[in-house]
Structure formats: C-alpha cells, structure tokens
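Q: One-letter residues, chain by chain:
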Amino acid sequence: EAGVAQSPRYKIIEKRQSVAFWCNPISGHATLYWYQQILGQGPKLLIQFQNNGVVDDSQLPKDRFSAERLKGVDSTLKIQPAKLEDSAVYLCASSLDLGLRVNNEQFFGPGTRLTVL
Amino acid sequence: ELKVEQNPLFLSMQEGKNYTIYCNYSTTSDRLYWYRQDPGKSLESLFVLLSNGAVKQEGRLMASLDTKARLSTLHITAAVHDLSATYFCAVDNTNAGKSTFGDGTTLTVKP
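Protein chains in written order, with my numbering: chain D, 1 to 117; chain G, 1001 to 1111.
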C-alpha cells in the first residue's frame, strides 16, 4: 500500500515570495491534515479536511496561508507571501475516517522542508 | 484548549537500562497515540490506545493509558541504540475531532 506522498521535499524561497506544497493521501483515507513542525517542537495542526470539507482551520494564518482539497483526494497548501517565521517542515497526514470517531491514527508523509531567507 | 505535556523533553540513557516517558494531558480523552520520529524523517505510528487501561507492547517498548489520571506512559526496557529517536504523544480532543501533539521526548541511547 502506497503511503502519503508529498512534494517538493525541500524548498528555499525569499521572504514575500509564494510557495505551494502538494499532498496525496493514502487511497481511501477520508481525512487529510496539514501540520507545521518547527524545529524542536511537535507538529501543529494548520488545517484538517474530511473529504473536501474543512473540519478545523482555527490555527491557519488565513491572511497568508490557504489550502484546498477540491476533489476530496489530493490537497495543496499555499503560503503567500512567506515570512521568515514560516521556515519549518510542513507535514501532510491522512487517516481512514473521522466520522466514526473511533480511531484517529494518522499516517504521515515525508514532509516538505521550507526555508525562508 | 487541550494541552499535552511530555517529560522529560530530553533523555540520555545507556544501553540495557530501563526508563519511562510520561505524557500528561489537560482534558478528558480516551484516545491517545504514540509516534516516533527519526532525525530528518517523518512521524511513524507506534501505538494506538483507545480506552482506559489499554496497554500495548512492541519489542522493547510498552505504552499504557490511564484516562482518569490523564496520563500515558511509554516504557523502554533494556534500551538499545536503535531506539534513539524523538517520541511524540498525541491526544484526541474528542469534541473537536482533532489530535494535539506534545513537544516530543528526544531519546539518545549510548553504548
């Protein structure tokens, strides 16, 4: 079974530039998450989708970050414009089904390491 | 707001020794997860604990959950170098349907 795919793996940009990340979850997983992980910290949830609807985006800086999951499968996360403090690893994860609220075990992709200069 | 605290944040231990990592959380939940992260890598699921008193074991690692104390432990038995990694616990906010992660415990096992 293929895991969660993410691209690119690394990205270096200058502040005020734009960047986009892509994620393809495990086939059949209804729930998709984007996390920001700053060095030395745990992952912080940015946005959570169930199918193509947003479940939680309370910690997404909406003035500069946006995300979509149009067909309920793959997803993109965009930052425009980037700031220095956005330097982090952006992790995508998926889980089977949140609807039953039984098991929210998440499967993570390899992450995208973003450096903002 | 659900808060998750792990301790210790850093742990250096010798091979062959035993130790326990603690994960405390602030609000009621009966679903807790442990993940492992190697340097420069992504997170890998280790244990899923879905009820009070749940205990899971895999090799030299054993995880347990006490929902009344809002505490989970990850016990390491006879540590080996291959266990060196950062371990995260994540707790489900059952009302909000999302997980909150602790800041991780970085374990270094020395020969």
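Careful, some of the hints might be misleading.
Unchecked claim - Calculated cross-link-like contacts (lysine-lysine; reagent style DSSO-like; alpha-carbon spacing at most 27 Å): (1) D:LYS83 x D:LYS44; (2) D:LYS15 x D:LYS78; (3) D:LYS83 x G:LYS1056; (4) D:LYS15 x G:LYS1056; (5) D:LYS71 x D:LYS15; (6) D:LYS11 x G:LYS1041; (7) G:LYS1056 x D:LYS44.
Note that these hints are calculated values from the structure, not bench results.
Q: Next step is simple, just say for each hint if it's right about the structure.
A: Hints versus structure:
no.: 1; hint: D:LYS83 x D:LYS44; result: holds (17 Å)
no.: 2; hint: D:LYS15 x D:LYS78; result: holds (14 Å)
no.: 3; hint: D:LYS83 x G:LYS1056; result: violated (42 Å)
no.: 4; hint: D:LYS15 x G:LYS1056; result: violated (46 Å)
no.: 5; hint: D:LYS71 x D:LYS15; result: violated (31 Å)
no.: 6; hint: D:LYS11 x G:LYS1041; result: holds (16 Å)
no.: 7; hint: G:LYS1056 x D:LYS44; result: holds (26 Å)
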